[in-house]
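**Q** All chains, please: the whole structure from these sequences, using the hints.
For the record, the sequence lines run as chains D and B.
When the letters of the first sequence are read in order and numbered with my numbering, they come out as residues 1 to 315.
When the letters of the second sequence are read in order and numbered with my numbering, they come out as residues 1 to 124.
Hint data in this document are derived by calculation from the structure and do not stem from the laboratory.
Hints should not be assumed to be uniformly reliable.
Stated by the list, open to error - Calculated lysine to aspartate or glutamate pairs in the DMTMM-like style (CA-CA distance at most 25 Å, straight line):
#  : chain 1 : residue 1 : chain 2 : residue 2
1  : D       : K85       : D       : D107
2  : B       : K57       : D       : D8
3  : D       : K104      : B       : E38
4  : B       : K37       : D       : D107
5  : B       : K93       : D       : E95
6  : D       : K182      : D       : D155
7  : D       : K85       : B       : E114
8  : D       : K69       : D       : D89
9  : D       : K85       : B       : E91
10 : D       : K104      : D       : D89
11 : D       : K69       : D       : D107
12 : B       : K57       : D       : D59
13 : D       : K87       : B       : E91
14 : D       : K2        : D       : D44
15 : B       : K123      : D       : D44
16 : B       : K57       : D       : D107
17 : D       : K104      : B       : E91
18 : B       : K57       : D       : D31
19 : D       : K87       : B       : E54
20 : D       : K2        : B       : E23
21 : D       : K18       : B       : E91
22 : B       : K93       : B       : D55
23 : B       : K123      : B       : E91
24 : D       : K18       : B       : D55
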Amino acid sequence: MKILIADDDGMSRQLLEKTLEREGYEVISVDNGRCALQQLSLPDGPRLALLDWMMPELDGPGVCLEVRKQYDRPYVHIVLLTSRKSKEDVVEGLEAGADDYLTKPWDPAELTARLRVGQRILQLEDRLVEARETMRFKATHDPLTSLFNRGVIVDLLARELTRTRREKGCTVVMLGDLDHFKDVNDTYGHVVGDEVLREIARRLLGSVRSYDFVGRYGGEEFLIVLNNCDSNSAVARAEEVRNGIALHSLQTMRGPLPITMSLGVLSSRDWDLHLVEEILGETDLALYQAKADGRNCVRLAKPPVLYNVPLQQIR
Amino acid sequence: MTRKCDRSSQGAVNLGELLTRVENDHELLCELIGIFKEDFPRLLQSLQQSVAREDMKHVEATSHALKGMLSGLSVTQAAATASRLEQMGREGKTSGLTSALTLLENEVADLLPELNAYTEKAKP
Numbered sequence: 001m002k003i004l005i006a007d008d009d010g011m012s013r014q015l016l017e018k019t020l021e022r023e024g025y026e027v028i029s030v031d032n033g034r035c036a037l038q039q040l041s042l043p044d045g046p047r048l049a050l051l052d053w054m055m056p057e058l059d060g061p062g063v064c065l066e067v068r069k070q071y072d073r074p075y076v077h078i079v080l081l082t083s084r085k086s087k088e089d090v091v092e093g094l095e096a097g098a099d100d101y102l103t104k105p106w107d108p109a110e111l112t113a114r115l116r117v118g119q120r121i122l123q124l125e126d127r128l129v130e131a132r133e134t135m136r137f138k139a140t141h142d143p144l145t146s147l148f149n150r151g152v153i154v155d156l157l158a159r160e161l162t163r164t165r166r167e168k169g170c171t172v173v174m175l176g177d178l179d180h181f182k183d184v185n186d187t188y189g190h191v192v193g194d195e196v197l198r199e200i201a202r203r204l205l206g207s208v209r210s211y212d213f214v215g216r217y218g219g220e221e222f223l224i225v226l227n228n229c230d231s232n233s234a235v236a237r238a239e240e241v242r243n244g245i246a247l248h249s250l251q252t253m254r255g256p257l258p259i260t261m262s263l264g265v266l267s268s269r270d271w272d273l274h275l276v277e278e279i280l281g282e283t284d285l286a287l288y289q290a291k292a293d294g295r296n297c298v299r300l301a302k303p304p305v306l307y308n309v310p311l312q313q314i315r
Numbered sequence: 001m002t003r004k005c006d007r008s009s010q011g012a013v014n015l016g017e018l019l020t021r022v023e024n025d026h027e028l029l030c031e032l033i034g035i036f037k038e039d040f041p042r043l044l045q046s047l048q049q050s051v052a053r054e055d056m057k058h059v060e061a062t063s064h065a066l067k068g069m070l071s072g073l074s075v076t077q078a079a080a081t082a083s084r085l086e087q088m089g090r091e092g093k094t095s096g097l098t099s100a101l102t103l104l105e106n107e108v109a110d111l112l113p114e115l116n117a118y119t120e121k122a123k124p
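**A** Below, the structure written as structure tokens:
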């Protein structure tokens with residue numbers, strides 16, 4: 001594990017370096033507070049730090065205060081190591097954000113024991129962060145395909161539509177449905193069906209840009225949101241998605257299976273719709289049209305043409 | 001009953017304590033002594049100049065650095081005197097400053113020869 005030593009006293013640094021290297025730490029050693037802060041701000045910087053109090057440029061408590069402002073970084077366990085021994089100093093150091101306080105001259109056994117406590121706290125923090133991330137992933141992703149789940153993909157679509165309207169851009173929405181998927185389940189069983197869904201998810205992700213969104217909308221339905229996509233290329237992009245599935249059979253435990261997808265496509269610029277439900281409704285109608293037209297094809301949702309004809313003339 | 005410390009026989013450095021701190025690593029101790037011999041005279045000279053100028057901020061900073069070095073080598077008595085000088089610097093107390101410096105100078109007078117003797121003895 002990496003550890004930072006910041007001390008302007010060369011002897012202290014040397015002694016600490018040797019003691020900590022013997023304990024198996026990867027030691028990074030600096031002689032002032034500014035360099036210490038720099039090291040602790042690096043993306044893969046040390047997460048254990050031993051800081052002297054009085055240092056040139058920035059003192060130990062100053063480093064603590066700056067480090068604690070970095071909320072987006074993993075936690076750094078800081079031990080102040082100083083010859084300032086008064087209760088007021090201890091309180092000031094801890095209030096500045098230090099986790100522990102040791103006075104010079106230190107006892108090597110106590111120092112290493114306290115650092116092990118720091119390591120345990122960091123390991124606990126890592127486990128908590130990991131557990132939180134796992135729960136967050138489970139709450140937002142479909143367990144079978146690992147795509148966004150329905151709630152999240154619809155929220156993302158709503159957010160994109162708002163942004164698009166504000167920036168006068170265009171969002172392309174695709175709703176894709178696997179053709180005759182029920183037959184796959186009925187003929188080969190649900191295990192193969194799941195295998196197909198996982199592979200479809202992989203191919204969908206492979207056929208869009210890294211900043212587009214793909215989610216599982218229903219059983220064999222997928223919702224794709226293309227951000228800042230040119231309205232004129234909406235159908236061509238949907239054809240790419242369709243071909244990405246149709247052109248090569250899917251390899252399954254029961255052999256290769258030819259699978260196709262029908263897609264309804266909508267370009268937000270063509271419509272004056274504000275509600276996400278309306279957008280999805282129109283895209284769904286285009287998907288129905290694709291199914292009705294023989295499947296394995298793309299249909300664009302087109303708004304009804306309104307003619308500027310006076311009502312009396314129509315009558 | 002209070003026991004008086006016999007400095008002539010014990011020396012300025014508490015060698016036993018020091019060896020415990022470096023986990024009996026003689027080579028490391030020689031390295032530390034090398035750093036000390038390089039930094040200490042410069043810091044002491046700097047302190048002497050600050051005392052002469054009564055630059056109390058500098059007295060505080062230099063005494064603090066000296067205190068750290070001395071306690072790092074387990075030179076406890078001189079470290080305590082440096083601590084007193086640091087306190088005087090922090091409080092801006094000039095009375096007794098020169099005598100405290102003289103005391104420190106006396107306490108460290110035999111220090112470098114003592115450290116040299118150790119490093120000579122520790123040579124393989």
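**Q** Confirm or reject each hint.
**A** Quick rundown of the hints versus the structure:
1. Between the alpha carbons of K85/D and D107/D the distance comes to roughly 15 Å, so the proposed pair stays at or under 25 Å and holds.
2. For the hint linking K57/B to D8/D, the alpha-carbon distance of about 17 Å falls within 25 Å, and the restraint holds.
3. The straight-line distance between the Cα atoms of K104/D and E38/B is roughly 21 Å, inside the 25 Å bound, and the hint therefore holds.
4. The straight-line distance between the Cα atoms of K37/B and D107/D is roughly 23 Å, inside the 25 Å bound, and the hint therefore holds.
5. Between K93/B and E95/D, the direct Cα distance comes to roughly 29 Å. Violation of the 25 Å bound is thereby established for this hinted pair.
6. Using a Cα cut-off of 25 Å, the hinted pair K182/D and D155/D is violated, with the two alpha carbons roughly 28 Å apart.
7. The suggested pairing of K85/D with E114/B is violated, with an alpha-carbon distance near 29 Å, which exceeds 25 Å.
8. For the given pair, K69/D sits about 21 Å from D89/D by alpha-carbon distance, which is consistent with the 25 Å threshold.
9. Taking the CA atoms of K85/D and E91/B, the gap is near 17 Å; set against the 25 Å cutoff, the hint holds.
10. Taking the CA atoms of K104/D and D89/D, the gap is about 13 Å. The hint holds against a cut of 25 Å.
11. For the proposed pair K69/D and D107/D, the alpha carbon gap of about 31 Å is over 25 Å, so the pair is violated.
12. Distance check on the hinted pair: K57/B and D59/D sit about 16 Å apart at the alpha-carbon level, within 25 Å; holds.
13. Annotation: proposed proximity of K87/D to E91/B holds, straight-line Cα distance about 18 Å (limit 25 Å).
14. Distance hint between K2/D and D44/D is fulfilled; the C-alpha atoms sit about 9 Å from each other, no more than 25 Å.
15. For the hint linking K123/B to D44/D, the alpha-carbon distance of about 41 Å lies beyond 25 Å, and the restraint is violated.
16. Distance restraint check for K57/B and D107/D: the Cα-Cα separation of roughly 30 Å exceeds the 25 Å cut-off, and the hinted pair is therefore not satisfied.
17. A threshold of 25 Å between alpha carbons decides the hint, and for K104/D with E91/B the separation of about 22 Å falls inside it, so the pair holds.
18. With a C-alpha separation of about 21 Å, the suggested pair K57/B and D31/D falls inside the 25 Å cut-off, and the hint holds.
19. For the suggested pair K87/D and E54/B, the alpha carbons sit about 29 Å apart, so the restraint of at most 25 Å is broken.
20. This hinted pair checks out: K2/D and E23/B have alpha carbons roughly 22 Å apart, not beyond 25 Å.
21. The hinted pair formed by K18/D and E91/B fails the criterion: a straight-line CA distance of about 36 Å is larger than 25 Å.
22. The suggested pairing of K93/B with D55/B holds, with an alpha-carbon distance near 11 Å, which does not exceed 25 Å.
23. Of the pairs offered as hints, the one joining K123/B and E91/B is violated, with about 44 Å between alpha carbons and a cut-off of 25 Å exceeded.
24. Restraint check for K18/D and D55/B: not satisfied, since their Cα atoms lie roughly 36 Å apart, outside the 25 Å limit.
In this structure, the earlier hints numbered 5, 6, 7, 11, 15, 16, 19, 21, 23, 24 are contradicted, and the remaining ones agree with it.
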